[in-house]
Each structure stands twice: as structure tokens, then as C-alpha cells.
Amino acid sequence: MSGPRLAALAAPLLWQLTTAVIGAEEVLTLRVPLAFPEAMAKLQSVLKTQGHTLSRIQRVDLGLERHGYKSDKYRVVFFGRTKEIQRWSKQYPELIPFLPYKIVIFAEEEDTLLVAANPEHLLPAAEKKLQPMLRRWHGDLRRIFRDMGKE
Amino acid sequence: MNMCNHKLYILLLLSSSLLSHTLMAAPDHFEKNNTTIVWESSSDLETTVRNLKNAVVGRNFRLIREQSLDQGFVKARDENRQQHIIYFCNFSFLNRAMAIEPRIGLLLPYRITVVKEKDGRVLVYAVDPWKLSKLFKNTKLDDFSKQLSTEYHEIIEEAAL
Numbered sequence: 001m002s003g004p005r006l007a008a009l010a011a012p013l014l015w016q017l018t019t020a021v022i023g024a025e026e027v028l029t030l031r032v033p034l035a036f037p038e039a040m041a042k043l044q045s046v047l048k049t050q051g052h053t054l055s056r057i058q059r060v061d062l063g064l065e066r067h068g069y070k071s072d073k074y075r076v077v078f079f080g081r082t083k084e085i086q087r088w089s090k091q092y093p094e095l096i097p098f099l100p101y102k103i104v105i106f107a108e109e110e111d112t113l114l115v116a117a118n119p120e121h122l123l124p125a126a127e128k129k130l131q132p133m134l135r136r137w138h139g140d141l142r143r144i145f146r147d148m149g150k151e
Numbered sequence: 001m002n003m004c005n006h007k008l009y010i011l012l013l014l015s016s017s018l019l020s021h022t023l024m025a026a027p028d029h030f031e032k033n034n035t036t037i038v039w040e041s042s043s044d045l046e047t048t049v050r051n052l053k054n055a056v057v058g059r060n061f062r063l064i065r066e067q068s069l070d071q072g073f074v075k076a077r078d079e080n081r082q083q084h085i086i087y088f089c090n091f092s093f094l095n096r097a098m099a100i101e102p103r104i105g106l107l108l109p110y111r112i113t114v115v116k117e118k119d120g121r122v123l124v125y126a127v128d129p130w131k132l133s134k135l136f137k138n139t140k141l142d143d144f145s146k147q148l149s150t151e152y153h154e155i156i157e158e159a160a161l
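Chains as they are written, first to last, in the numbering used here: chain Y, 1 to 151; chain F, 1 to 161.
Isolated chain F (complex conformation) (with noise of 0.2 Å):
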């Protein structure tokens, strides 16, 4: 191997090491037979919380709001901003889910979670609707929480890496 081919080499290993840390997905024993999903995002809390948005509404989602997971039970000044919740739905589909499953309000609204850990990592959180979802027993629902699910997932690969 001459020295020009060396040098790649070593490039293109860094770079695959660079690359499979950035996509680490979060640390999976949360998720192992859980209802929800994690992940590790490569960007600050207030990029993540942008990309997050931007990816919600690309998907045709309406935003509801955000807020701090503590929002309504401590004072405005008091709130923990390392935790940010995104609330969003989608009311035409959740309009046909409520017709299969009236209980459809335990996955209610969408929320994906943002949180800023003291070791500096940002994770997103969020339910699994399709893991959910099998709480409810109702077989006509696993299409409706199979592409929510999916949408999470996508919504959350898009907005962390």
C-alpha cells in the first residue's frame, strides 16, 4: 500500500467510526420489549428541537405546541428547559383512528420528548404507538399504529442524526 492509498484508508476508517457513532441509536435496553423509543441525537437540545419541528410538519403534521415536561406544575421562571415536549397530530388520521378505537386518546397528542442529559448527551424519547397500542387488544388498530409508528421513527432518525 503506497502512502496515498494509506492515508485513505485511515480516512475511511475514521470516517466509519465517526459515522456508526453519530447514527448510535440510545442505549437499547430502554427499548427492549418496551413501548417506547430512544435515541441519541448528534445535535444540541435546541437543533434537535428544530430539526424535530421541521421534520413534524414535512410529514404533515400540525404542531400543537411545545413546552418543559414541568410546565403547569412549577412557575414559568422555575421550569426545567433541558426537557422539551413537542405535541403534534395529524387530525384526519386521528379522526379514522377514533372510529376503530374510541381509547385512541391514551396515544394522545403525538409527543416526541427532548432531553438534555448532565453528561451534555440529548436524547428523544418517545411512546412506540404500535407497541402501545397493543394495550388496547383491538387488531383493526395495528394499521393505524403501524404507520404511526412509523412516522415516529422517521420523524426522530430525521431530526437526531
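Chain Y extracted, bound-state conformation (with noise of 0.2 Å):
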């Protein structure tokens, strides 16, 4: 087999355990192969493609260096579906200091990483009235994180 077939057959493995998924459990957490601005670009197309809104992103890098302190991009992507903030915010206030949701989104050398709170841990006592809630927003951020993971 030549060279550039395997190497052509081996990219979406290689895509697949780079992006793999680490500690699905309190924190969801994904690499990706990707540049910080491809990552972000990406990431604000995935949201839009799933009917998010991105509400805003907060840029931490930026808030350091301004300080004097050194730092590599790092973001908080503020996002949600409009109708669904509204409404949780008000039926639900235990979520109100959850919303609107954020995915953190930083390099680590040439690959970028996202971090977002696995929402079924953040209210461990929540009512049961709460939980379909939080297993769908949990499902909004692996379908995030899936369609980040895909080459």
C-alpha cells in the first residue's frame, strides 16, 4: 500500500483517538487536532448547525494579559437555545446560576481543548421534576462535543 493511501486510511483513526473523549463522567472534556481559531470557527458552526444561540464569549486570555499575566487563548463560549433559557430560567430557578450553558475552550500547544460541566452532576439533589432537563442539556453538549470529535 503506498504511503499516501495509508496515511489517507490511517487520518480518520488517528482523528478519532485524538479526539476521544476524556472523563465523560463530571467533565466532559474533548481534544481536538485542531488550531485554536479552526477549533472556535468550528465550534460556533456546530452550535448554529444544532440551533443554538451563541449569547457570547467571554475572552479570559484577554482579561489576563491585560492584567500583565501571560496567557494562550482561552475562552468561555456562552450559548443555549433562546426559547429553552427563557423558559428553564423562569419555571426552574435552581438552574438560573447554570444559564445561560458555557463550554470552555482553550490551546494546549497545537491541539485545543473543550471542558463543559456534565449538567446531571451540577445539582446532585435536584427534584425529579429537574431531571429530564438536565439529561437533555447533558445530550445537547455530547451531540456538541460528537459533532466537534467528527474530522
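Think of the hints as simulated: they come from the structure by calculation, not from any bench. It cannot be assumed that every hint is accurate.
Unchecked claim - Under the rule of at most 16 Å between Cα atoms (straight-line distance), these lysine to aspartate or glutamate pairs were calculated in the EDC-like manner:
#: 1; chain 1: Y; residue 1: K90; chain 2: F; residue 2: E117
#: 2; chain 1: F; residue 1: K134; chain 2: Y; residue 2: E120
#: 3; chain 1: F; residue 1: K137; chain 2: Y; residue 2: E25
#: 4; chain 1: F; residue 1: K134; chain 2: Y; residue 2: E26
#: 5; chain 1: Y; residue 1: K90; chain 2: F; residue 2: D119
#: 6; chain 1: F; residue 1: K137; chain 2: Y; residue 2: E26
#: 7; chain 1: F; residue 1: K134; chain 2: Y; residue 2: E109
#: 8; chain 1: F; residue 1: K53; chain 2: F; residue 2: E154
As the list claims (entries may be wrong) - To give an idea of the chain Y side of the interface with chain F (calculated C-beta under 7 Å), a few residues:
#: 9; residue: V27
#: 10; residue: R56
#: 11; residue: Q91
#: 12; residue: Y92
#: 13; residue: H138
Keep in mind it's a predicted model, so treat the numbers as computed, not measured. Even for Gly, the Cβ is constructed at its ideal location relative to N, Cα and C.
Using the supplied hints, reconstruct the complex from the two chains, each of which is provided in its own coordinate frame.
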């Protein structure tokens, strides 16, 4: 088998290996073999495709640099579905401190890491009525991470 | 008990009752085993927000911004002003924490939300950094998250009472 053909076959496997979700329990973590700008653009595209609105990007690195600290690219992305954010924050005030959703995205050497808290671990004593919302939210995050992990 | 003492006794009783009502923390079922802090404020929304901002700055945090919870989701004129978020940070503190736990961004920016409920109560919500940091399973973060949690409680207590 020729070198380029082998490389073409191995590429998807390599992508899968390098984008594996690490520790899918309390904290969802995904490493993508993309430079930060590409990963950020991809995240914005994935959020849009999945029907989310990106409400704000907090540039943590910029804040640190302004105060004299060296930092690699580090952002917090706030997002959600408008109707859901409005309805949940009114009906389920327990969720308010966690809304809108957020994903932390930062550069680590050549790669980019995405991190999110597993919503099902945020409110372990939540009433039963909240469980479907937390599961749905967790499912949303997993779908975002899955699509971020696709080549 | 003469009349004067009797009046004093009633006054003390009333004061005590009023004080215990004012100091009442929010419904504790929110907090039990959960990762949140919830307090009921004794002031209106505007005063509570103002008090929070003063308390934040008074503890050497920098106010980053304030906004309604649905900002960025709806047009400015349609935002729900009864759900107000204050974001703040201490970059020196953060810089040290990031060296210990790069995923610390899940606690960022530091945030407190003030909500005026339909029944007129004003509730103050925040994630408890100490409890949330347990998700990281990184004991090196304990000192940082405990200290931050104490700061959150003190800020909220000062502003909400």
C-alpha cells in the first residue's frame, strides 16, 4: 500500500484517537487536533447547526494579558436555545446559576481542548422534575462534543 | 413585670422576629448537596445589585460586566431586567488557579445572579466554587476553591442582608 493511501486511511482513525472524550463523567473534555482559531470557528458552526444561539464569548486570555499575565488562547463560550433559556430560568430557578450553558475552549500546544461540566452532576439533589432537563442538557453537550470530534 | 419592662420585652421579641426573618437564607432545599448558593435579599433588586457591586469591589475583585440573563438571546428592548447577572474576577487569583487546574474556566467568570420573583422576593444565586470544584477531582484546587467560596458567601451575605 502506498504511503499517501495509508495516510489517507489512517487519518480518520488518528482523528478518532485524538478527539476521544476524556473522562465523560463529571467533566466532559474533548481534545481536537485543530489550532485554536479553527476549533473556535468549528464550535460556532456546530452550535449554529444544532439550533443554539451563541450569546457571548468571554475572552479570559485577554483579561489576563491586560493585567500583565501571560496566557494562551482561553475563552468561555455562552450559548443555548433562546426559548429554553427563558423558560427554564423562570420555571426552574435552581438552574439559574448555570444558564446560559457554557463550554470552555482553550489552546494546548498544537491542539484545542473543550471542557464542559456534566449537567447531571451539577445538581445531585435536584428534584425529579429537573432530571429530564438536566438529561436533555447533557445530551446537547454530548452532541456538540460528538460533532466537534468529527473530522 | 411592670409596664415599662413589658413594653421592652415585646419590642425585643418583635425585633428578634424581624431580624430572624431578614437574615433568613433562601429555601435551603436549593442548596442541600447541590452546587449552588441561594439567598433571599432583604432589599429590592436595584439595591441588591448595587450592594453586590460594592461588596465585590470592596474585596478587590474587578467587575467585568453586568447584564440580563437573556442578553445575547433577545433584542435589548426585550431583555428580562428582573434577572440580572454580575460578572467579576480577580486576575491574580485566577492566574494562580489556572496553573493548578487548566479547566478552571468552568468557574469563570465569577458570577452572581439577582432575580426578582413574581411574588416580589429578590433572590441571589451563585454557583458555590468549593462544591463545583469537586467535579475536577483535583485536591490541589481545594485551597483556591475554598477561599473563593468564602468570598462568594461573604459578598452575598453583605449585599443581601
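Status of each hint after checking the structure:
1. Y/K90 / F/E117: It holds: about 9 Å lies between the C-alpha atoms, which stays within 16 Å.
2. F/K134 / Y/E120: holds (14 Å)
3. F/K137 / Y/E25: holds (11 Å)
4. F/K134 / Y/E26: Cα-Cα ~9 Å, so holds.
5. Y/K90 / F/D119: holds (13 Å)
6. F/K137 / Y/E26: holds (9 Å)
7. F/K134 / Y/E109: violated (26 Å)
8. F/K53 / F/E154: This hinted pair holds, its Cα atoms lying about 13 Å apart.
9. V27: Constraint on Y/V27 satisfied, holds at 5 Å.
10. R56: Nearest chain F Cβ about 5 Å off; hint holds.
11. Q91: violated (11 Å)
12. Y92: violated (11 Å)
13. H138: Violated. Min distance 13 Å.
Comparing the model with each numbered hint stated earlier shows that hints 7, 11, 12, 13 do not hold.
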